[in-house]
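Residue numbers (the numbering used here), protein chains in the order written: chain A, 1 to 191; chain B, 1 to 131.
The set of hints was computed from the structure by calculation and includes no laboratory data.
The model shown is predicted, which means the values in this text are computed figures rather than measured ones.
Note that CB positions come from ideal geometry on N, CA and C, so glycine has one too.
Treat the hints with care, as some may be off.
To be verified - Covered stretches of chain B, as calculated for chain A (at least 3 residues, CB under 8 Å):
id: 1; stretch: 29 to 39
id: 2; stretch: 67 to 78
As the list claims (entries may be wrong) - In the SDA-like style, the derived pairs of lysine to any residue whose C-alpha atoms are separated by at most 25 Å in a straight line are:
id: 3; chain 1: A; residue 1: Lys51; chain 2: B; residue 2: Val72
id: 4; chain 1: B; residue 1: Lys69; chain 2: A; residue 2: Ile8
id: 5; chain 1: B; residue 1: Lys4; chain 2: A; residue 2: Ser56
id: 6; chain 1: B; residue 1: Lys69; chain 2: A; residue 2: Val70
id: 7; chain 1: A; residue 1: Lys72; chain 2: B; residue 2: Val112
id: 8; chain 1: A; residue 1: Lys47; chain 2: B; residue 2: Asn71
id: 9; chain 1: B; residue 1: Lys3; chain 2: A; residue 2: Glu82
id: 10; chain 1: A; residue 1: Lys26; chain 2: B; residue 2: Glu84
id: 11; chain 1: B; residue 1: Lys123; chain 2: A; residue 2: Ser56
id: 12; chain 1: B; residue 1: Lys88; chain 2: B; residue 2: Lys69
id: 13; chain 1: A; residue 1: Lys26; chain 2: B; residue 2: Asp126
id: 14; chain 1: A; residue 1: Lys44; chain 2: B; residue 2: Phe15
id: 15; chain 1: B; residue 1: Lys19; chain 2: A; residue 2: Gly45
id: 16; chain 1: A; residue 1: Lys23; chain 2: B; residue 2: Lys123
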Amino acid sequence: MEIIKSNITLDAKGLACPMPIVKTKKAMTQLEGGQVLEVQATDKGSKADIKAWAESTGHQYLGTVEEGEVLKHYLRKASGEETIDKKHPHVINNDDLQSKVASNEHIVILDVREEAEYAFNHIPNSISIPLGDLEKRMNELNKEDQLFVVCRTGSRSDLAAQKLAANGFTKVVNVLPGMSNWSGDTASLNL
Amino acid sequence: MSKKVAIIASNGGLFDGYKVFNIASAAAATDQEVAIFFTFEGLNLIHKQANQQLAMPAGKEHFAEGFAKANVPSIPELLSMAQEMGVKFIGCQMTMDVMGLEKEAFVYGIEVGGAVTFLEFAKGADVTLTF
């Protein structure tokens with residue numbers, strides 16, 4: 001079983017509704033935008049509740065892993081990143097990338113979302129390097145490859161693409177909008 | 001934009017307390033603005049002594065075990081949590097007069113007002129609930 005990385009873990013085990021939600025709200029205030037919260041709960045209704053809560057508060061519900069009696073919910077705090085202007089000049093839309101994937105072209109897809117986002121849903125065979133780790137893990141990538149950089153909405157991948165370009169990667173393409181609208185095949189880790 | 005939830009609490013049993021404070025806390029935790037108008041028996045829910053020993057409905061006493069097993073917080077706990085999250089409590093002045101109760105008999109932080117105080121809030125509410 002893979003371990004999903006989170007910034008903060010909240011123990012809401014043994015608590016009845018509405019306590020898991022109340023605790024989740026409080027825990028969220030300790031996170032910075034874009035960080036990941038893991039909520040451990042045993043309340044069976046918490047899955048639907050956490051999901052609905054995220055929808056109405058604007059945070060991102062990533063998914064839930066069940067381990068025996070314990071439900072582990074993963075949430076990513078809203079960050080407002082969608083409003084940043086995108087600067088990397090080379091872009092491709094989801095549909096065009098999807099046809100490249102479908103035609104079995106040899107391409108490299110780099111997913112720069114947080115590991116917990118990648119864990120629940122990603123393009124098969126894509127590589128996971130969260131934006132925050134890119135600097136120190138850039139050496140895992142090949143400068144000669146054509147790299148398609150993807151995130152949820154195209155903002156983090158834009159920053160990643162700029163960073164790669166500045167470090168000598170010449171064939172970097174940002175995928176727009178990215179996973180939020182991806183209709184092609186996806187995979188998830190063995191959770 | 002945050003939504004507004006207006007709740008009328010007009011019954012004073014233990015089940016009523018849970019219905020009112022659970023919904024109110026959940027709404028507040030979801031960034032909604034919540035006000036509860038406590039009227040008639042509903043005042044029990046915010047009465048300092050009465051709300052520590054709210055009655056189960058007749059014949060439902062056996063649920064006490066279930067409450068303990070499910071680790072459900074007590075009414076005073078739920079109440080202070082709701083207050084902490086900014087839920088507004090309005091005690092009905094007219095009922096208090098009828099019952100001869102002063103504001104001091106109730107938990108700290110309540111407002112006392114008439115029907116119009118509540119209606120003013122409820123006018124702009126997205127959700128209105130009566131318990």
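We went through each hint and held it up to the structure:
no.	hint	in the structure
1	29 to 39	holds (count 3)
2	67 to 78	holds (count 4)
3	A:Lys51 to B:Val72	holds (22 Å)
4	B:Lys69 to A:Ile8	violated (28 Å)
5	B:Lys4 to A:Ser56	holds (13 Å)
6	B:Lys69 to A:Val70	holds (17 Å)
7	A:Lys72 to B:Val112	violated (43 Å)
8	A:Lys47 to B:Asn71	holds (18 Å)
9	B:Lys3 to A:Glu82	holds (23 Å)
10	A:Lys26 to B:Glu84	holds (11 Å)
11	B:Lys123 to A:Ser56	holds (22 Å)
12	B:Lys88 to B:Lys69	violated (30 Å)
13	A:Lys26 to B:Asp126	holds (24 Å)
14	A:Lys44 to B:Phe15	holds (21 Å)
15	B:Lys19 to A:Gly45	holds (16 Å)
16	A:Lys23 to B:Lys123	violated (30 Å)
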